[in-house]
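Engineer: Take these sequences, add in the hints, and give me the full structure.
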Amino acid sequence: MKYRWPNGARCVVMLTFDCDGPGNEIGRGLDPAGAHSIGRYSPRRGLPRVLEMADRQQIPITCFMCGHDAELHPEYISLIGQAKQEMAAHGYVHEGWAMPPDEEIALLRKTHRILSELSGTAPVGWRAPGGQKSNVTLPTLRELGYVYDTSDKDFDGPYPAVVGAGPSTEMVSLPNITSTLDDAYMYGTGRLSPEEILELWKGEFDALYHGAGYFVMTLHPRGGRGGSGVPGRLRAIDRLVSFIKTYPDVHFTNMRDLARWCLDAESGVMQATAHLGGRP
Amino acid sequence: MTITDFWPPGSQAAAAISVNLEAESVDRRESELPLWGRRSHGRYAAQAGAFNLLDLFERQSVHATFFINGWDARRYPALMERIAAAGHEVAASGCLHEDFSALSAEQQHAVLEQSEAALNSVFGSRPAGFRAPDRLMTSETHAVLAARGYAYDSSCSDDDVPYVIDAGQGRSLLEIPVQEPYSDRCYYEAHRTPAVVRSALADLFDAAYDEGALFTLMISPRGDVGSGRGLRARVVESVIQAMKERPRLWLATCGDLAGWMQRTRGPAEIPGAAR
Numbered sequence: 001m002k003y004r005w006p007n008g009a010r011c012v013v014m015l016t017f018d019c020d021g022p023g024n025e026i027g028r029g030l031d032p033a034g035a036h037s038i039g040r041y042s043p044r045r046g047l048p049r050v051l052e053m054a055d056r057q058q059i060p061i062t063c064f065m066c067g068h069d070a071e072l073h074p075e076y077i078s079l080i081g082q083a084k085q086e087m088a089a090h091g092y093v094h095e096g097w098a099m100p101p102d103e104e105i106a107l108l109r110k111t112h113r114i115l116s117e118l119s120g121t122a123p124v125g126w127r128a129p130g131g132q133k134s135n136v137t138l139p140t141l142r143e144l145g146y147v148y149d150t151s152d153k154d155f156d157g158p159y160p161a162v163v164g165a166g167p168s169t170e171m172v173s174l175p176n177i178t179s180t181l182d183d184a185y186m187y188g189t190g191r192l193s194p195e196e197i198l199e200l201w202k203g204e205f206d207a208l209y210h211g212a213g214y215f216v217m218t219l220h221p222r223g224g225r226g227g228s229g230v231p232g233r234l235r236a237i238d239r240l241v242s243f244i245k246t247y248p249d250v251h252f253t254n255m256r257d258l259a260r261w262c263l264d265a266e267s268g269v270m271q272a273t274a275h276l277g278g279r280p
Numbered sequence: 001m002t003i004t005d006f007w008p009p010g011s012q013a014a015a016a017i018s019v020n021l022e023a024e025s026v027d028r029r030e031s032e033l034p035l036w037g038r039r040s041h042g043r044y045a046a047q048a049g050a051f052n053l054l055d056l057f058e059r060q061s062v063h064a065t066f067f068i069n070g071w072d073a074r075r076y077p078a079l080m081e082r083i084a085a086a087g088h089e090v091a092a093s094g095c096l097h098e099d100f101s102a103l104s105a106e107q108q109h110a111v112l113e114q115s116e117a118a119l120n121s122v123f124g125s126r127p128a129g130f131r132a133p134d135r136l137m138t139s140e141t142h143a144v145l146a147a148r149g150y151a152y153d154s155s156c157s158d159d160d161v162p163y164v165i166d167a168g169q170g171r172s173l174l175e176i177p178v179q180e181p182y183s184d185r186c187y188y189e190a191h192r193t194p195a196v197v198r199s200a201l202a203d204l205f206d207a208a209y210d211e212g213a214l215f216t217l218m219i220s221p222r223g224d225v226g227s228g229r230g231l232r233a234r235v236v237e238s239v240i241q242a243m244k245e246r247p248r249l250w251l252a253t254c255g256d257l258a259g260w261m262q263r264t265r266g267p268a269e270i271p272g273a274a275r
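Chains as they are written, first to last, in the working numbering: chain H, 1 to 280; chain E, 1 to 275.
Since the hints were derived computationally from the structure, they do not count as laboratory data. Think of the CB as a built atom: it goes at the ideal place given N, C-alpha and C, for glycine as much as any other residue. One thing to keep in mind: the hints can contain errors.
What the hints assert, rightly or not - Here are the in silico distance ranges between beta carbons for each label pair:
| hint | chain 1 | residue 1 | chain 2 | residue 2 | range |
| --- | --- | --- | --- | --- | --- |
| 1 | H | Q271 | E | T2 | 23 to 31 Å |
| 2 | E | S11 | H | R239 | 24 to 32 Å |
| 3 | E | T4 | H | A122 | 32 to 40 Å |
| 4 | E | S139 | H | M99 | 22 to 30 Å |
Claimed, not checked - Lysine to any residue pairs mimicking SDA-like chemistry, simulated, CA-CA at most 25 Å apart:
| hint | chain 1 | residue 1 | chain 2 | residue 2 |
| --- | --- | --- | --- | --- |
| 5 | H | K202 | E | S40 |
| 6 | H | K202 | E | P194 |
| 7 | H | K202 | E | A117 |
Unchecked claim - Short derived list, chain H residues pointing at chain E, Cβ under 8 Å:
| hint | residue |
| --- | --- |
| 8 | R4 |
| 9 | P6 |
| 10 | G8 |
| 11 | I38 |
| 12 | Y41 |
| 13 | P48 |
| 14 | E117 |
Structural biologist: In structure tokens form, the structure reads like this:
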């Protein structure tokens with residue numbers, strides 16, 4: 001499918017950062033010490049480095065936060081606010097596991113309240129921690145006013161999110177495409193060098209630019225094996241941004257603005273369900 | 001995001017070379033059986049790999065910090081003599097490469113006591129520094145180390161520069177942070193090639209240097225996940241050569257960094273962006 005993008009752009013580009021602090025490890029029952037201290041790198045070094053890069057490159061980005069980390073590091077939230085970047089929700093302690101509906105709903109609400117209170121702005125977007133969702137997830141988020149979900153890897157571009165019984169007209173799914181565009185997989189499991197990952201991502205961008213024109217990166221500004229926070233790995237992202245800018249008609253955006261575009265009738269995204277094959 | 005005004009005058013960044021000896025102790029922990037065949041990689045570290053690394057450190061005139069398990073210290077006296085004679089720093093790890101994240105504070109004290117006794121009997125002094133085996137530890141480990149008189153820990157990955165830890169009861173400890181991607185094991189355990197490791201370590205070092213961050217190179221002399229063998233030792237040597245070409249790099253041991261921090265920082269001073 002060919003999308004109609006803002007400003008007549010040929011390709012939209014979204015750099016999204018899952019800013020998991022120590023909450024990720026705590027949620028998995030790990031003591032965030034030693035090798036498991038990598039989450040603390042994010043508020044101290046990784047996120048400030050990402051925000052500096054975005055400011056220098058003059059691009060909007062989207063920062064996903066866990067409620068626990070926001071409570072622990074309110075300054076983390078202020079950094080995002082001061083940089084005027086979007087903050088969205090990413091679970092309380094990165095709960096990437098199935099749980100009873102009541103418990104899940106309570107955590108979604110709790111994180112929403114924490115992020116809204118600390119930032120002064122209610123988040124409108126959500127990414128499932130570890131890709132974990134259930135039947136109650138999107139209906140709950142929709143009730144809380146969320147307009148997009150970016151958890152799935154099932155399509156090359158946006159489509160109406162399935163909320164409860166069927167496709168929604170008020171909530172859009174912005175797929176995060178594939179694990180190849182996620183540093184946690186490519187560094188964490190693939191153990192690529194920064195040079196290899198940059199070449200890989202340049203190739204991916206070129207193919208997607210000439211395809212659906214929808215490019216989403218899922219990045220983690222933490223330390224350790226799977227994170228992009230350290231200088232040499234953040235530099236690969238910085239260079240990718242410079243590379244992308246050499247292409248004509250590229251539109252860098254955050255997910256909130258793209259979601260609003262998709263929900264606008266002019267984009268046609270919410271009407272275009274024909275391509276969704278077996279979807280209800 | 002360049003870190004400025006942190007390092008001693010004349011230096012824009014610092015680097016340390018650290019060796020996790022991870023010799024026979026690692027395989028011994030995992031097996032009561034004789035360490036033959038696939039369980040002999042650790043023996044390679046002590047019999048050959050570490051000597052190859054020592055040779056290249058000598059050629060490059062650099063000093064490293066060796067984190068040594070007590071078992072290995074007692075088992076390989078010739079290697080220990082060579083490490084000490086070359087003036088490298090000796091620091092503690094466990095005894096039998098124990099998983100500190102599974103130990104209570106009392107159990108950690110007991111392992112450290114044995115480890116210190118072993119290092120003391122071989123080297124005649126107690127270590128100032130510690131790195132947890134596989135960098136696995138608990139939130140109590142820093143307090144345990146401070147109570148035992150250690151100057152620093154080097155197990156955490158939560159900052160770009162050394163920092164002061166409040167270890168409770170009026171004690172403080174220094175952290176010399178490390179990053180797994182700055183190690184050889186990160187790549188070799190996934191069977192990546194020496195060329196990839198060369199590229200990764202050199203690029204990661206370059207960026208750390210440019211941004212004023214500490215680059216703690218973390219290598220192992222093992223035959224499986226380490227750099228003890230010829231081709232891989234060459235990669236390490238090439239990375240060290242690249243480091244030495246940087247004019248404003250302070251190439252120090254972990255102990256040097258800790259000593260400098262002790263002299264220049266008050267216990268309450270905890271640098272960093274947002275803490």
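Engineer: A separate judgement is required for each hint: does it hold in the structure or not?
Structural biologist: We went through each hint and held it up to the structure:
1. H:Q271 / E:T2: 23 to 31 Å: At 49 Å between Cβs, range violated.
2. E:S11 / H:R239: 24 to 32 Å: 26 Å, holds
3. E:T4 / H:A122: 32 to 40 Å: 38 Å, holds
4. E:S139 / H:M99: 22 to 30 Å: This hint holds: roughly 26 Å between Cβ atoms.
5. H:K202 / E:S40: With Cα atoms ~42 Å apart, K202 of chain H and S40 of chain E exceed 25 Å; violated.
6. H:K202 / E:P194: Holds: K202 of chain H and P194 of chain E sit about 24 Å apart, inside 25 Å.
7. H:K202 / E:A117: It is violated: about 54 Å lies between the C-alpha atoms, which goes past 25 Å.
8. R4: 37 Å, violated
9. P6: 30 Å, violated
10. G8: Given a least distance of 35 Å, the restraint on G8 of chain H is violated.
11. I38: Hint on I38 of chain H: holds, closest Cβ of chain E at ~5 Å, below 8 Å.
12. Y41: Constraint on Y41 of chain H satisfied, holds at 5 Å.
13. P48: 5 Å, holds
14. E117: 19 Å, violated
Of the numbered hints given earlier, the model fails hints 1, 5, 7, 8, 9, 10, 14; all others are met.
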